[in-house]
Amino acid sequence: MSAAALLSVRNLHLAIAGRRRHTPILRGVSLEVAPGEVHGLVGESGAGKTMVGKVILGIQPSRARIVRGSVVFEGQDITHLNERDRRRLMGRGLGLIPQDPMTSLNPAYRIGGQIGDVLRLHLGMGRAAARTRARELLDEVRIRAPDRVLRQYPHELSGGMRQRVLIAIAFACRPKLIIADEPTTALDVTVQRQVLALIKGMQAQEGASILFVTHDLGVVAKICDHVTVLHGGRVLETGDTRRIVEAPRHAYTRALIAATPRHDRPGDLLQPVPEALTARLNAEALAWDAAQRSDG
Amino acid sequence: MRRSAAMAEGALLEAAGLRLSLPDFSRKPPFGAAPLVDILHGIDLALAPGDTLGVVGESGSGKSSLGRTLVRLHTPTAGRLRFDGRDITNLPEDRLRPLRAQLQMIFQDSQSSLNPRHRVAGIVARPLRLHRRVETRAEARRQVDALLERVALRPAHAARYPHELSGGERQRVGIARAIALRPRLVVADEIVSGLDVSNQAQILALLRELRLDLGLALLFISHDLSVVRTVCDRVMVMLNGRAVEQGDCAAIFAAPRHPYTRRLLNAIPLPEVDPDWVARTVDNELGEKVTMKVKDSVALVTGANRGVGAAFAGALLDRGAAKVYAAMRSTEGYQAPDGRVRPIEIDLTDHDQIARAAAECGDVTLLVNNAGVNHNQPISADAAQRNARDEMEVNFFGTMEMCRQFGPVLGANGGGAVINMLSILSRVNLPMIGTYCASKAATLSLTQGVRAELAAQGTLVVAVMPAAINTRMGSMNPPPLEEPIDVANAALDAIEAGEEDIYPGVVAGGVSQGLAADPKGVEKQFAAYLPG
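Residue numbers (my numbering), protein chains in the order written: chain W, 1 to 296; chain Y, 1001 to 1532.
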């Protein structure tokens, strides 16, 4: 563990409690995010990548149990914070850019109020100051008519605009680390490009770190400094983005790259992840679970 | 698009000039009908048996509406739709039903397109029963099992409900249902957009396999050009309900002609490390200049028989334009200066004639809106109302209709450019010709609107605002006068450099600077020209 890490996730085990037994979701995940770094967390649906983000933010479902391991943020163990300390940490320490711009804003409140709430709650701003800062933030995320948008409701905005508002909220209290959970998956490619540019620009300007959760290796290659590849709740490979993309060591990473469609290549080169490989990885995970049980 | 005529012989599905308008319920008044909004503006396409055509575009481009219209879930407002040689444009539902077996659709949202109350077996068996392809339960069961195996689902999946399946599995059920009746054409609408890459690759591999085995023709709708490239032989790029580019994938992906296609391609993050990608695209978004070469362009110049229009024609020919349509109210007695010049009659007050010209001159890449009228009268003149209407009719409405009709032509030809000849008097009123100035100010605003609306298709729109020009038309303006050829050359330089607003000449440049520094002072100075 390097002392310089802003965030360290250390040997994190998480299981969902069932009636008869626990289902392991994360199987000893470790990763580190340095200050000012964009760290990609890649995997397919069910790999546990979103869960890692939720545990860092302390918003994992109530049935999820942290079996072992810890999350250390700025040298402080934040794995089991109480609600008051957690709230103090959110906003100024940690921010979130959620996946779904449709459901992540309250449909009953105007945009101005929703950004203002964050500023008043975490920074203790007054109503007028919050409004001024909200307008500035909308300006920073390149919304052309900030005064109008402040008065609008979420349903009046396009998907790209809503995502910009969420980015504004995430950066509102100048957090040190932002968890971005598939923030561009629901967007058109041209809008995705703008939103990626915006996230990267804001990140560079504020000097924040980002844990960027995605299944898209293309996006990873363009904006991440480091990458961690996750499958079945296990870290298969981690390293510098260039090394991972150009010289992947794990067969699964190679398979993910081969499964990514490319407009500069005809389709017959596209290879789904081989079933044998998936079966092998699943068997490894189960064997690993068994080993854990016998250990414990 | 011209392929459709050539392919008509063997086409399985053929659309010609397909238009669709749907009611816009968001703008429906409390009483009365919702206003119609145009979704598709004349789509041509042809699909032979076994063909794969990708339709790409962003949200709101009309690609899903096109898919739904092709399988007649919508009835086209205009145009023709033929399936297997039969006209199905307006075929009533009862006569359409037997054809539906051959014409299937797979929907984007597998969650909402599968009945949550039915088990997978029932969902897949339903078309078989409706079309009386199975007699007994046992037979249905056998066929369902075979179909599930075909899409790589286990027999155990048959007893499950849609919510018990993953996104990839649900999409396989959608595919099994679509191929149950052995269709000849399948329209697949964004079927992999919600899936991660490995699921996506599996579904695409399955689709390819089925297509080859069953000889399906496939219309594949997607917002992702990378996905289309892996599935389709041909591609059609849609923007605002129009096809801006259509052709073989290999050719279009190697050398996209339309700026919108290039924009879509550039936006895709390929899995290659490129630390500057993000910064570069931000620069492009904010300041990349659209430029256009005059050489080999096909221009249309209004009012080309005299003055600045004639100068434009000459300058265009000098710079190697391939063709110049010289538009004028009457071509009688007009002598074309060069073999490349085609005289054409356009009266800017006749909007039908403008529409016909746009249809006739389908190769235009550069539109020069030069023609205008000036009654040379103050607003206090007796005839001011009449003069103003006349000036607006030509200068404003004429230019507007030219932009409206030729906008799509420029779009279809790769973006191109529009030059609107305005005047420094668009920015400040010279009261002695007040109504004319007002019409030019309105046309400057129009030019900005056209620029904003045509930006997506890559059309450069230039406003040229010179001071007085030395023509025989206007003689009462203050000196010094600009030469027409200098103004024309300045405008053509502007499109090659990607400038949007230009003020050719010393006087116009000075006034524009003055307006930036002290607009009120300039207004007062111009007001002082008022006679008496």
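Since the hints were made in silico from the structure, they are not lab data.
Note that the structure is predicted; figures quoted are calculated from it, not measured.
Check before you lean on any hint, since a few could be wrong.
[What the hints assert, rightly or not] Here are some chain W residues the structure puts well away from chain Y; computed CB gaps all over 10 Å:
hint, residue
1, A4
2, M90
3, R120
4, R151
5, D188
6, G201
7, I257
8, P272
[As the list claims (entries may be wrong)] Chain W side only, calculated, beta carbon under 8 Å to chain Y, not exhaustive:
hint, residue
9, D100
10, M102
11, K200
12, L217
13, I223
14, E246
15, T260
16, Q271
We put the CB at the ideal spot given by N, CA and C, even for glycine.
These are the hints, each one checked on the structure:
no.: 1; hint: A4; in the structure: 21 Å, holds
no.: 2; hint: M90; in the structure: 27 Å, holds
no.: 3; hint: R120; in the structure: 31 Å, holds
no.: 4; hint: R151; in the structure: 19 Å, holds
no.: 5; hint: D188; in the structure: 4 Å, violated
no.: 6; hint: G201; in the structure: 7 Å, violated
no.: 7; hint: I257; in the structure: 6 Å, violated
no.: 8; hint: P272; in the structure: 4 Å, violated
no.: 9; hint: D100; in the structure: 12 Å, violated
no.: 10; hint: M102; in the structure: 13 Å, violated
no.: 11; hint: K200; in the structure: 5 Å, holds
no.: 12; hint: L217; in the structure: 4 Å, holds
no.: 13; hint: I223; in the structure: 6 Å, holds
no.: 14; hint: E246; in the structure: 7 Å, holds
no.: 15; hint: T260; in the structure: 5 Å, holds
no.: 16; hint: Q271; in the structure: 7 Å, holds
Violated hints, listed in ascending order, are 5, 6, 7, 8, 9, 10; each of the other numbered hints is respected by the structure.
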